[in-house]
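S.K.: Given only the sequences and the hints, what does the whole structure look like? Please build it.
Residue numbers (our numbering), protein chains in the order written: chain A, 1 to 310; chain B, 1 to 310; chain C, 1 to 310; chain D, 1 to 310.
There may be inaccurate statements among the hints.
Since the list gives no way to pick one copy over another, a pair counts as held whenever it fits inside one copy or between any two copies.
Claimed, not checked - Quick list of in silico lysine-lysine cross-link-like pairs, DSSO-like style, CA-CA up to 30 Å:
hint: 1; residue 1: K190; residue 2: K309
hint: 2; residue 1: K252; residue 2: K71
hint: 3; residue 1: K190; residue 2: K281
hint: 4; residue 1: K274; residue 2: K309
hint: 5; residue 1: K274; residue 2: K70
hint: 6; residue 1: K76; residue 2: K252
hint: 7; residue 1: K309; residue 2: K252
hint: 8; residue 1: K76; residue 2: K298
hint: 9; residue 1: K252; residue 2: K70
hint: 10; residue 1: K71; residue 2: K22
hint: 11; residue 1: K252; residue 2: K274
hint: 12; residue 1: K22; residue 2: K274
hint: 13; residue 1: K298; residue 2: K190
hint: 14; residue 1: K309; residue 2: K22
hint: 15; residue 1: K22; residue 2: K298
hint: 16; residue 1: K252; residue 2: K281
hint: 17; residue 1: K71; residue 2: K274
hint: 18; residue 1: K70; residue 2: K298
hint: 19; residue 1: K70; residue 2: K309
hint: 20; residue 1: K298; residue 2: K252
hint: 21; residue 1: K71; residue 2: K298
hint: 22; residue 1: K70; residue 2: K281
hint: 23; residue 1: K190; residue 2: K22
hint: 24; residue 1: K309; residue 2: K71
hint: 25; residue 1: K298; residue 2: K274
hint: 26; residue 1: K190; residue 2: K274
These are calculated hints, taken from the structure and not from any lab test.
Protein chains: 4
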Amino acid sequence: MPLTRDQQAEIDRQRAETAATKRAVSPGLEEVLYQAFPVLDHGFVRVIDYMGDDAAVVQAARVSYGRGTKKVSEDKGLIHYLMRHRHSTPFEMCEIKFHVKLPIFVARQWIRHRTANVNEYSARYSILDREFYVPAEENLAAQSVSNRQGRGDVLTGSEAAQVLDLLRTDATHVYDHYLAMLNESEDGQKIDESRQGLARELARMNLGLNFYTQWYWKVDLHNLMHFLSLRADAHAQYEIRVYADIMVDLMKRWVPLTAEAFIEHRLHGVTLSKSAWGTIKRMLNGETVTQEASGLGKREWNELQALLKE
Amino acid sequence: MPLTRDQQAEIDRQRAETAATKRAVSPGLEEVLYQAFPVLDHGFVRVIDYMGDDAAVVQAARVSYGRGTKKVSEDKGLIHYLMRHRHSTPFEMCEIKFHVKLPIFVARQWIRHRTANVNEYSARYSILDREFYVPAEENLAAQSVSNRQGRGDVLTGSEAAQVLDLLRTDATHVYDHYLAMLNESEDGQKIDESRQGLARELARMNLGLNFYTQWYWKVDLHNLMHFLSLRADAHAQYEIRVYADIMVDLMKRWVPLTAEAFIEHRLHGVTLSKSAWGTIKRMLNGETVTQEASGLGKREWNELQALLKE
Amino acid sequence: MPLTRDQQAEIDRQRAETAATKRAVSPGLEEVLYQAFPVLDHGFVRVIDYMGDDAAVVQAARVSYGRGTKKVSEDKGLIHYLMRHRHSTPFEMCEIKFHVKLPIFVARQWIRHRTANVNEYSARYSILDREFYVPAEENLAAQSVSNRQGRGDVLTGSEAAQVLDLLRTDATHVYDHYLAMLNESEDGQKIDESRQGLARELARMNLGLNFYTQWYWKVDLHNLMHFLSLRADAHAQYEIRVYADIMVDLMKRWVPLTAEAFIEHRLHGVTLSKSAWGTIKRMLNGETVTQEASGLGKREWNELQALLKE
Amino acid sequence: MPLTRDQQAEIDRQRAETAATKRAVSPGLEEVLYQAFPVLDHGFVRVIDYMGDDAAVVQAARVSYGRGTKKVSEDKGLIHYLMRHRHSTPFEMCEIKFHVKLPIFVARQWIRHRTANVNEYSARYSILDREFYVPAEENLAAQSVSNRQGRGDVLTGSEAAQVLDLLRTDATHVYDHYLAMLNESEDGQKIDESRQGLARELARMNLGLNFYTQWYWKVDLHNLMHFLSLRADAHAQYEIRVYADIMVDLMKRWVPLTAEAFIEHRLHGVTLSKSAWGTIKRMLNGETVTQEASGLGKREWNELQALLKE
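M.R.: In structure tokens form, the structure reads like this:
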């Protein structure tokens, strides 16, 4: 369970408070505001705040004085048009803020997306909890043989058992020693009065990359979609994709028209090189095109074949 | 008057609508949401949307599960501490969206601040109105003699009259010819059926830099403060400073604690070089320090003297 | 001619100086370094400096200790792979700096690309030259009837003549009055000793959007490609596209492998929505698909038909 | 020693190659280009490439056609002026690229500076070396009692010995188990043919935050100074400050005038709040000001006293 009783109570308290606003409100997102959606074994994603809705995209595209929306069908058409033609600025007019708890190695991938605002829980300042990620057995994948950056089959039997055991044992040891170096017991007491305890900013270095951290992450809708197009993709590492998948669902609640257009044009859209598109056109003309004749390299040819079979 | 009757009606309609939200609400800003504050002769600033409040800054600094605020005095102390020590990320957790109408030459200065989101009214797509900036007589400054980038005394008499006349006459002519090239009358009718009319994206080039444009401008609180520290400063050009001054007032309504800390530590704070600070310390020790002995260049020395006299 | 004799002499002087460096050198770009390539009637683009070459992309992707390159064929394959899979960071490792002279209305489009560094010639500080853009007759396009943001046929006859006359006359007048307000003659002398002259930061507002400005514009290779993919595109306004076209040529000199991959995968690549791709696959299976059956809206359907005919 | 023989040979080979360029060259930086400066026990910083020099800052500020520099004294004056008045864009015209090897917990602080380009060595793709940071005894600081984010005295005796032992032992274990899970021996051989080996992207999570990673980090001079002003500061964590200190030295070689102005106005400059500056002025007028009378909070008062004593 990712939340302590106190944390859940704080969240419940905040969910119970309602105030009046003149701002645009997204009813779908209000329903689940502040609520923690569990991810992996100890992580979560929750929406802390948001600005704007589908109408705000339309409003910005029109630089209007009022709500700017016309009929739903017109708004929908405009949003699809903007998405298809890669207009980015109207989508930047919406903003969302998440609170995310995630393993450090996932956080390190995530933060490479730079056009977002981040406040991370500081292990220089505070002591981290004894919480680390151990994959479920069905996610214990072997190294892929064909793709140096990918996963192969799931490990089984004694190999799987040993891996899980090593991950658990090592994480337990490094955390025990983290506390020992800090000279702090689990409940925050000094262990040995004669010792000073190592500085927090140093002791943390003993922890593993599977330990959980947390942060506030705020991003505009355009950059959120960029993040999701990479991280909700089949090539993304499983441990970050599960976060992205939940965020796609939250996006559907927040801005349903934009989410639909995003899935249609970007997440499930297809990009082809000039030669790949030329190949398709020749095939549509009844020609049988081989890899050699296509002008495509072997890898790109295989990717195209895979797309055609999907 | 910067708004048409229709525009004012749209704004009034939107101001009248209220909905319930679980999000943080800033009561001071809600009072004036959507309202257009006049600037210069045809411009305005109005807040269209916002995310977060002073408590959101505190909440982010603590990466908390609930509101995160404690006593007001503690929150205030934390915000001052963050401001004094140049912590930027907690302030990035608040966001604000403005609708601004402004002369193009002001817009060109403004947009040099890149860490913001912008949607500008498109003169490729639409026709601009006959609205251009003419300075009030008391702002008709002569070129400064001492500072190539500054203003001197106010122009008077026939020189002032001639300048105002030229500005008005030229703007009127270029707008008349803009419509003529478009082959459109003021009320949107074709003037001459035998003509095609020049493309809008070309005709606009005849307009002057004093014509008004408008945009939606969205920025986080940290970058807003950076903008205001430069543009609400005495060295900023008058025509952009009047916008910044109103935005400082809006900031006081939105995040009063942060606004107070911003004014204290940044807007009215003082930065001294190592040598300037060394000079101050020698003076505090009773020494009489000359420019030569201070190690400061002439310009910096004069700036320091001015600061001491303020 | 866009350059004065003095400017050309300064450029020639700089082109004549050579020094030794241990850094990566791009021979193709060195050949034209500093050289001004004319654009429109008074504009130009010239490369002022650059960092890195194709090998730097490869080197960064491998985080290598030396040059990082292997065989040319392997480097080429890697660069195509990175481009196809939208890896952006290795391309960010190269940087280029341009000096560009361009009409203000073009500059206003250009600067919407925010991930670049800019230093613009300041009309607060200096006096602009009497240089303004007047389109060549073959570029004097009418407003498109079908597309509010596009151009239609070329204007001809008296309509063309009148437009050119208005553009020239108005620009001449506003510049004459700009000088009159500044109280400066063309050769920099005071006109009337009894006058003070309007501040430069104010007088500039009388100039039209077709006047030329200039700036230094520095950008990394990834963001340059993003700029070029939008501005060297057929939908871009002619007056910015001519700049982008020259920059594509300069890119070919600088990073030939990356330029080739960029043109293949992005500039001439094709992006299809999920439904458009589904339509293509049905057509490849021998099905005759109508717009109604495709699930595509009318506009997207027409765009797809146009792509198929290209 | 941070480099293998092969890596050193690659660096030496690259340092030996020289080519002719028309670009600006920084002689001081060329001398040490590619050279690895050791940091901590296994880390280093080395400059891989650069663009521009002090003259490029001047050139950009003047948007000039040639080198743009005048007398050294004028250039120096201009650079100091730009620094003092917080002009940022001319400094953005220079760019530098570093190759850095650093512990992961340091990398996590570093990457919070978002306005830079990064390519990190990928542990999804490759196997990390057995290299982890263990502090030298004189840097084994206790937790500060007064400042939750700071260091106190150096640990001694058995406490120090135990900490060092735990750090070394745990890092050794987690690395041994990392290889075991990968089913790879130290020299890259499969250990057990009957096993598949865990995917690299998963196995890495067992490693500690003190393991070394490396990256290419590219930044413009303005953002480099922002980074250095925070990380070469006395409040920065020691383990990142040692990197920043070396980078300040490299900056002195690269852009000596800018480095001098940076140290004078920013690194060793002083910023005071409105009330602190008011206090100073009252003191200069001979008044004895107490904390209560100053209007400053206790913390800020103490900081001001410390500044006065420095």
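S.K.: Determine for every hint whether it applies to the structure shown.
M.R.: Here is what the structure says about each hint:
1. K190 with K309: neither (63 Å within a copy, 35 Å between copies)
2. K252 with K71: The answer is within: 20 Å in one copy meets 30 Å, while 37 Å across copies does not.
3. K190 with K281: Result: close neither inside a copy nor across copies, 73 Å intra and 44 Å inter.
4. K274 with K309: Both. Shortest intra-copy (20 Å) and inter-copy (14 Å) distances satisfy the 30 Å Cα cut-off.
5. K274 with K70: between (38 Å within a copy, 27 Å between copies)
6. K76 with K252: within (14 Å within a copy, 37 Å between copies)
7. K309 with K252: Within one copy, since 28 Å is at most 30 Å while 36 Å is not.
8. K76 with K298: So K76 and K298 pass the 30 Å test across copies only (14 Å; inside, 40 Å).
9. K252 with K70: Intra 21 Å, inter 34 Å, cutoff 30 Å: intra-copy only.
10. K71 with K22: For K71 and K22, both the intra-copy (21 Å) and inter-copy (28 Å) Cα distances are at most 30 Å.
11. K252 with K274: between (33 Å within a copy, 18 Å between copies)
12. K22 with K274: Classified as neither: same-chain Cα gap 49 Å, cross-chain 36 Å, threshold 30 Å.
13. K298 with K190: Only across copies: K298 and K190 sit 29 Å apart there, 63 Å inside one copy, limit 30 Å.
14. K309 with K22: Neither: 50 Å inside a copy, 46 Å across copies.
15. K22 with K298: neither (57 Å within a copy, 37 Å between copies)
16. K252 with K281: Classified as between: cross-chain Cα gap 28 Å, same-chain 35 Å, threshold 30 Å.
17. K71 with K274: For K71 and K274, the Cα distance is within 30 Å only across copies (25 Å; inside one copy 38 Å).
18. K70 with K298: Answer is between: at 19 Å across copies they meet the 30 Å cutoff, but 49 Å inside does not.
19. K70 with K309: neither (40 Å within a copy, 34 Å between copies)
20. K298 with K252: between (38 Å within a copy, 25 Å between copies)
21. K71 with K298: between (48 Å within a copy, 18 Å between copies)
22. K70 with K281: neither (39 Å within a copy, 35 Å between copies)
23. K190 with K22: neither (51 Å within a copy, 41 Å between copies)
24. K309 with K71: neither (38 Å within a copy, 34 Å between copies)
25. K298 with K274: Close inside one copy (16 Å) and across copies (24 Å); limit 30 Å.
26. K190 with K274: neither (66 Å within a copy, 42 Å between copies)
Against the hints set out earlier in the document, violations occur for numbers 1, 3, 12, 14, 15, 19, 22, 23, 24 and 26.
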